[in-house]
Each structure stands twice: as structure tokens, then as C-alpha cells.
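Asks: Here the protein sequences line up with chains A and B, keeping their order.
For the first sequence, the working numbering assigns the number 1 to the initial residue and increments by one for each residue that follows.
For the second sequence, the working numbering assigns the number 1001 to the initial residue and increments by one for each residue that follows.
There's no promise every hint is true.
[Unchecked claim] Between beta-carbon pairs, the in silico distance windows are:
| no. | chain 1 | residue 1 | chain 2 | residue 2 | range |
| --- | --- | --- | --- | --- | --- |
| 1 | A | Ala81 | B | Gly1109 | 22 to 30 Å |
| 2 | B | Pro1056 | A | Gly76 | 41 to 49 Å |
| 3 | B | Leu1032 | A | Gly101 | 48 to 56 Å |
| 4 | A | Val189 | B | Arg1019 | 52 to 60 Å |
| 5 | A | Val343 | B | Arg1019 | 24 to 32 Å |
| 6 | B | Val1100 | A | Leu339 | 32 to 40 Å |
| 7 | B | Leu1088 | A | Ile114 | 34 to 42 Å |
| 8 | B | Arg1019 | A | Val262 | 21 to 29 Å |
| 9 | A | Lys37 | B | Ser1178 | 38 to 46 Å |
| 10 | A | Lys192 | B | Val1100 | 27 to 35 Å |
Just so you know, the hints here were simulated from the structure itself, not pulled from any lab data.
Glycine is no exception: its CB is placed at the ideal position from the N, C-alpha and C atoms.
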Amino acid sequence: MSTVMAGRQQIISLIGNGVTKGVFKMIKKLGFFLLMKGIRMATLLVAICFISFLLIKNSPIDPIQAYIGADMLNVGPEQRAKIAAYWGLDQPVGVQFLNWGSAILSGDLGTSMIYRRPVADIIGERFVNSLALMLTAWALSGIIGFILGVVAAMKKGTWIDRIIKGYCYTLASTPTFWMGLLVLIVFAVWLKWFPVGMGVPAGVLAEDVTLLDRIKHLILPAITLSILGVANVALHTRQKMIDVLQSEYVLFARARGERGFVLFWRHGLRNVALPAITLQFAAFSELFGGAVLAEQVFSYPGLGQATVEAGVRGDVPLLLGIVIFSTLFVFIGNLIADLIYKVLDPRMRGGEHYAFYSRRKK
Amino acid sequence: MLSTPEEKNKQPLLNQRRRMLLTIVIALLFLLSVVLGGLFLDEGRIATNLNERNVPPSFDHLFGTDWLGRDMFTRTIMGLSLSIGVGLLGATGSALIALVLGMTAASMGRVADRVISWIIDLFLSVPHLVTLILIAFTLGGGFKGIVIGLMLTHWPSLARVVRAEVLQVRSAEYVQMSKQMGKPRWWIALHHILPHISPQILIGFMLLFPHVILHEAAVTFLGLGLSPHEPAIGIILSESMKYLSSGMWWLAFFPGLCLLIVVRTFDQIGEYLRTLIDPTRAHE
């Protein structure tokens, strides 16, 4: 009780100090936070580059062999040595890494061996496709998961809660690609509502592909990812909502006669939405993994499929590029999650002043 | 939620604790039978039999047969037993890494803590599947690549749990006392801390299992894991993709469903163990 009192006094004193000072302090803090995050990210990224470089360097695939491919018989040892010298393969590993690293810093990710085009172009092009897929699935699973979680918590202990919980736990152990196959069997093979695969219809020129075609090919993988993505958010939201419903302000609201949707709208929504949104942003890593599998099942031409192709066919520059890119992707998701907490949640704004609020439920 | 009077008066035959124990035993027996089944099932049933190609599920072939006349039920059970084996290796390796790193982080001073938390961040900052593909690619795919990949990618979350747990135990009075009495660090770690966190490790291990199995199946499905000659679930499902459009749904449906059941069983065992062992969750 005494901590609550102290906290209240601090809040009052903070308001008394003037809002402008608080905002200024907040921006300063935010800048410092971003700087620290940036430094951490830079060290991580360098380490990841170095480790992946070493890993690939020690892989059984000989880059010259992979480059020559079927022309093996026509290429003599002298020519091999020439290629090695041209690529700098005869230099020590450290020098090679520095060469590669400086090329990457200047934006040159190398040339893909499968597509014979710059890696940056391929990643950019594929990522646009993947982004459409991931964004749809991300938004859908977030909204549906949130609703399911709230409903389960409001009806805690009833059969609705039990069904939602069982559904979520089962989904958490469902293989993504199997769900994709099931969706494919039901909607594409049996019902024939959707095409079986590919990002665009076969046998149609790239210019003739309409937006509708693209959307049609997007729906099934997006459904697959949404069905599975729901579980995490729903369970998390359910737990948070149960916490909120047990709080004293909800007890008071109930005593005033509020119930059902009004209760949720006034006291639940804002308290529960923030953790859910944060969780969704922090789940970019799983989203990417799911997209890799879904794209493989539906042969959707996104970044995930490129990852698999690069791995299976030994396209080193593309694989390295994707590793770096996906790291950035995950990092941005985590950063947004942190920022949302810092900027949107008033309890995090004042730093220490409000700290006891956020520590309470952990 | 309050229980109604009728529920209070009723004395169930099995209380919740006994029911959980019973479920765990049954689940373990089920998993054991799957493994044994995979080891001892007749190899002849997955031999090519061109007289019985593409048969839908029947009593003779519970899960139907594929385009080479191989019995899908036998293939599935063998695949599951392989999956459990790979999962066992992967989860054991991950749990060991988590144990060592978690304990080091918590008991070897600030620098070690910083370094290990940085390593954890490192592994969490690349999507799991991409890391797995990278490692599998580097090691040239196959059994070794997939197992090492699984070991190296699943430990970070458990390591964090171990670290937090060790920090808690370390501040306990009997550990402080032991330190005052001049016991060396490793002695305290071995005699006071390890016994305390072993339940957490066991639970963490069980909860890692499902992830490891699913990731193994996923990477194999993508073509970077186990070799196509093994009867792995991932292989079965990726092969089935070619035949789905001709309506052979049983090729994908049953193997995937069995994988789901096995994974769910492991998950349930882990959850129940946690509820039984972890005192803070005893009320659930």
C-alpha cells in the first residue's frame, strides 16, 4: 500500500514539473535507447556476417566447382587457378572476409549463381512478394488471435474457453507445411476454388498478370499462416486479459454494473492491446520461418522460396544475402516492439517514476 | 473461479495430480510403442509392391499405399520413430548447451554474463529456420547436419530460464553460507545449484522436444535435412506434394496427423510435468 502511495505522489510531482520537461526528457531517453540498440545491432550483424562467412567457407561446396558446373571437363587446373585468383580465393580468410564485408557495406551483395543477377535485386523483388503474404497473415492472425484471446478470457472456465485453448495448443504443435498441404487439398484439389500453386498463373506473360490473379494466389498461403499464427497471440492475450479481469479497477467497474462488451471496451482493450501488438512485432522471426514453409508448399515466389533454393542448390551469395536481410527484418520487428512499449505505454514513459507499475506483473 | 457446491462435495476417483501422472504414463507408453514399432515393424511392408499401388486407406493398409505400393502406415511409424530419435539427440544437445551456458552466465561474473547474453541475442536475431538451413547447408545436409543444427538453435530460451533460476538459488542463504565456509565455486555449483535446477532442465528438455521435432520435419521437408532414402515424415510429406493434385490425400493427411499427435503428446507431458514439479504453478 505504501508503494502505491509513493507512486501516486511521484505522478503528481511529475505533472507538477511541467509536461514540456517530461517530453524533452523522453525524447532524449529515446535517442539514447535507439543509439544503444543501433550499436548492439551493429555488433550482432558483424558477428553474424563473420560466422556465416566462416560456416560457408568451411562447407563442402567448392565455389569454383559450383560456378563451373557442367563445364567441368573443359576447365583445366590453370583456368581454375585463374578463377580463384580473380575471385581472391587464394588469399587468407581474413582478407577475403574484409573484401566481402567492404563490398556489402557499399551495397554490393554479389551475384546470385542460380539467377545470374545481383543478389540485392532478387531479394528486393522477392521480398515485395513475401511482404504481401506476411503482412496479410500477420494482420489476420493478430486480429483473430486477439479476439479469440479476449473471448476466452471473458468466458474463462466455460466450454468456449476450453475449445479456444485446445485449438491454440493443438495449433502450436501443428507443422506449418502440413497445414499448408491440408489447405491445398481442401481448397485447391477438392473444392477447386483456388489454383494449386505458383505466384502467378502459368503460361501468362508477366505484363498480363492482373492484381486479381496475384491476390488469388496469395489467399491460400496467407490463410495457412494465419490459422497457425493465431495460437501465440490468443494464448498471450488470454493470460493478460485474465490478469486485467482480476484487477481491482475491474472489480469496481463490475460493482458499478458494467459487464460484457462495455467492460472490455472501457477497461480491457487498451490494457490488452499493447502486449498483443508488441508480441506480434516480436514474432517476426517465426513469421519469416512460417513464410519459408508456406511459400515452399504453394510454390509462391517469395523470399522464403529463394532461401530454400539457395540452400538446396548451393547459391552462396544469395544465401548470405538472405541471412543478413532476415536478421535486419527480425531486428526491425523487435525494435518496433520495444518502441511501441516506450512511446505508447504511459507507464513506461517516465522511466523510474512509473517503474513499479510495469514490474508488478512479471 | 469458485467451484459450485456440487463439485466440492463430489470426491473424484482420481484427483488432478493422479490424473496427470496417469496421463504422463500413458503418453510415455504410447511414445515408447511408436519407437519400438518403428524399430521392429516388418521392413517388407515398405518394399515396392506394384500390385497394390495408390490404394486408399483400408483395413489391410490403414493409411493407404503410395505410388510404389509401399504401406503408408509402416512408413509413417518408421518416420515417427526416426523423428523421435533425432528429436532426442537435438533436445539433449540443446539442453546441455543451455545448462552449461546458463550456469556460466549466472555464476562466473558480469563479463561472462554479458558475453553469454550477447550470444543468446545473436542466435535469436536470425530466424530459426534460416539458421537451420545455413547450418544444414554448411555441413552438407544429412543426419549430422540436421542434428547439429537443431542442437545449436534451440538452447537460447532455456538458457535464459536456467540463468534466472541459478541467480535465484545463488542468493539463497545456504549457498551464501557455503561460500562463507570456503567451498569452491564448482563445488557449490555441483552440490547446491545443479540439484535445484535439474527439474527445470527436465521440463525445458521436454518442452524443447516438440520444437526440435517440428523443425527437423520442416528442414527435411524443404530438402535440406535427412536423405530421401530415410523414411522421415518430412520426406514423406514432400514426396506427397507431387501426388496431391491427383487426389491422393491420404499420402499427406495421416503422416502429418501422426506427427501432430506425437508432438502434442510431448508438449502435454512437458506441461503436466511443469505443473507437477513447479511449485509456483501448483494451483493450476
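Asks: Hint by hint, which ones does the structure fall short of?
Replies: 1, 2, 4, 5, 8, 10
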